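A.B. asks: Protein sequence lines correspond, in order, to chains A and B. Per numbering that gives the first Met the number 0, the first sequence starts with residue 0, numbered consecutively. Per numbering that gives the first Met the number 0, the second sequence starts with residue 0, numbered consecutively.
Don't read these hints as lab results, they were simulated from the structure. A hint or two may mislead.
Label pairs and their computed distance ranges (CB to CB) [as the list claims (entries may be wrong)]: (1) GLY648(B) to LEU97(A): 28 to 34 Å; (2) VAL647(B) to LEU97(A): 26 to 32 Å; (3) VAL610(B) to THR88(A): 44 to 50 Å; (4) LYS619(B) to THR96(A): 20 to 26 Å; (5) ARG602(B) to LEU97(A): 37 to 43 Å.
Just so it is clear, the structure is predicted and the values come from calculations on it, not from any experiment. The beta-carbon is built from N, C-alpha and C at its ideal position, and this holds for glycine as well.
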Amino acid sequence: MLPTIFYIGLSALLFAIGVCGVLMRRSALMVFMSVELMLNSANLALVTFANQWKSLDAQVMVFFVITIAAAEVAVGLALLVMIFMRKQTTNIDSMNTLKG
Amino acid sequence: MTQLAWLLVLIPAFPLAGFLLNAFLLRGERATGVVASLSIVASFVTTLIAVTNLAATPEDARFISAHLWDWLAIGKVNVSVGLWFDPLTAVMTLLITGVGSLIHIYSISYMHGDHRPHRYFAYLNLFVFAMLILVMSDNLFLLFLGWEGVGLCSFLLIGHYFERSSVAPGIVPSEASAKAFVANRIGDAGLLLAMMAIVSNFGTLSFFGADGNSGFISRLTDASFITVNLGVFGSIGLVSGIAMLMILGVAGKSAQLPLYTWLPVAMAGPTPVSALIHAATMVTAGVYLIVRMHVAFDLAPDAAGLVTVIGAVTALIGATAAITQFDIKRVLAYSTISQLGFMVAAAGMGAYTAAIFHLLTHGLFKALLFLGSGAIIHGMHDIQDMRRMGGLRTHMPTVYRVYLIGALALAGIFPLAGFWSKDEILVHAWYSAQNVNITVMLVFASWMTAFYMGRQMALTFAGSTRDHDVHPHENLGTMKWPLYILAVASVLGGIINLPGIHWLTDWLSPVLHHKAELYTWSMGIFATLIVVSAGAIGYLGYRLYSGALLAQIKAGEEDPAHYYLGDIWKGFEMGWGLDYVYQRLLVRPYRTFSHFLSEVFDRQAIDGILVEGSAGLVGKVSQAASRAQNGSVRTYALVFLIGVVIIVGYVVIGA
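Next comes chain A alone, as it looks inside the complex:
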């Protein structure tokens, strides 16, 4: 078994990629996938720590995250479809009408 630090490192790397994706990508779909990536990196960290401490608490949390992520995907993709039907684009920079 590899040392915990490798898993955590991978998790951090995945999270950073996700953050970069959220901040940099223009396509709403890609931003959405980056968010999923960040969620899964967190899942990885949780599983790693569960293994480290031999505790099931964190693994239970992972199930929650997966469930909520699934729900989020369902709602989010529906939103994306609606946005595309209205604007004929998924460019996130064009969705800026909600401002003060």
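Given chain A's structure and the hints, the job is docking chain B onto it.
C.D. replies: Below, chain B without anything else, positioned relative to chain A:
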């Protein structure tokens, strides 16, 4: 309370009931007038009964007191609502209710056709109530309530024609009433301070206490050595200080020197109001106060001296101003100021009986003159300018006769009421006080009194009508009887204190402790000299204005004497220009300051900085804050990330 005490309560209760009925129930012109008059007549009858009862009591305890209830109890100071009826109160009450009922009856006809008769009669009744409280109160606090009450009623009645923008002679009623109120308020401040000084030093405001001997007046003598340190202004005796503060109150209410300017413009009210409030009763409240507080003035020669000087100078100013007026009521108004000056000067010289005597007789003949002038104004269809009158003797014979009696009484012609009372003051000034300057001033004032009454008689009644557009008529109605009664009273009024008979002196001696003075031959000669010279001067005034100068009297033009005296005449006409001084010194700076506040300070500081400034600041700040909400999701995410990094960094590194 004894039966007598209940009788006392009835005296002010009748006018109060009349006021309440007129204010809340009655609206018909006839009903209000009759109810108002009846309430005062009832009060007069009750007063007569009370006076007969008072006369039956032994002289050393001649007072009736009625303690009604405790009003305020603050610490050891206990202010009660109580009435006090002694010989001084008795004569004042008789004058107020007597002249008051005549003027109420007169008003029924005079105010016929008025828009607001119930308002008029309600306030007239309220005035009589307040005046009765003023003279019947057994303590200074209740006196002050009456004092303020008469001031309020005066304000309300001067402003009876408040909707008119101008009444003859060019007075704005609403401004005149405000002026009277403000001038009175300045005086009231003095009285209020005097009351505070009395409370803090004596712990009571009761004049005499329940037994007639435990009030603050009996303790003034013991306090006469106390001095009050005024810092840079030196020090003053406590009693003098109280007396000096009271002088301010007297000057306000009795229209004396620094504060008399409100009385001439108070003529904006209906004429019966001028007769009742601004001639016969309210303005005498100051004289009453001095006489009621005479112990203080006896103990404070400096304050008494000041009172004398104020009175004498006011008598002169009033008389000179009265000579020059063309408005029939203004002559009488300035004449009232002058005669009040006589009373105040007499009170200052210690001749309290003479002051009260003149107060009573003046109340009678000045009420007669005002009611007579009201009848003239009524008959002339609201014309008050004497230049447009003339020849009224043939048109209004009744008014002419009673007015002549009033004028002769005011001029002090033997044997009318004014002769005896004015003579007593002059004789006192010359013989008892031995004050040459004051005597000379008062004699001059009484000569001028004769002159302006002669002038007024000539301008009003002599010759033929100058204005052919008006058709004077004499239609007196209920105005007739008050005029007759007052005329008889003005003739016979002097009897109450004739030399040798001196009923009034004896009657007042339990209060004032004056003994009637022996009337010597030299006094008689002195009085004769004065009356003969006054008569001659009065006749001169009559002859001048009914003969030599008559041709030059034209509506809208200056008096012929203006040609000879020029600006001096003009100055007299303006009441020695005190109004002008106040206008320049107080009114105009105040107006400028208010203008600055309303136009500059309010617009720029209040509106500009505080109201619009704070609103603008909030707007600007929220505009800046709303710029952060640019709608770009990625910006939000970035800010969110930075926030997370900072918080996590703080938790990891800081903790």
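A.B. asks: Take the hints in turn and mark each one as holding or not.
C.D. replies: Against the structure, the hints come out as follows:
Distance hint for GLY648(B) and LEU97(A): a CB-CB separation of about 30 Å, consistent with the stated range 28 to 34 Å. Between VAL647(B) and LEU97(A) the Cβ separation comes to about 28 Å, which falls inside the hinted range of 26 to 32 Å. For VAL610(B) paired with THR88(A), a C-beta distance near 48 Å keeps the hint of 44 to 50 Å intact. Checked against the hint of 20 to 26 Å, the pair LYS619(B) and THR96(A) passes, with Cβ atoms roughly 24 Å apart.
Checking the proposed 37 to 43 Å range against ARG602(B) and LEU97(A) shows it holds: the Cβ atoms sit about 41 Å from each other.
Violation of the numbered hints given earlier is absent; every hint is satisfied by the structure.
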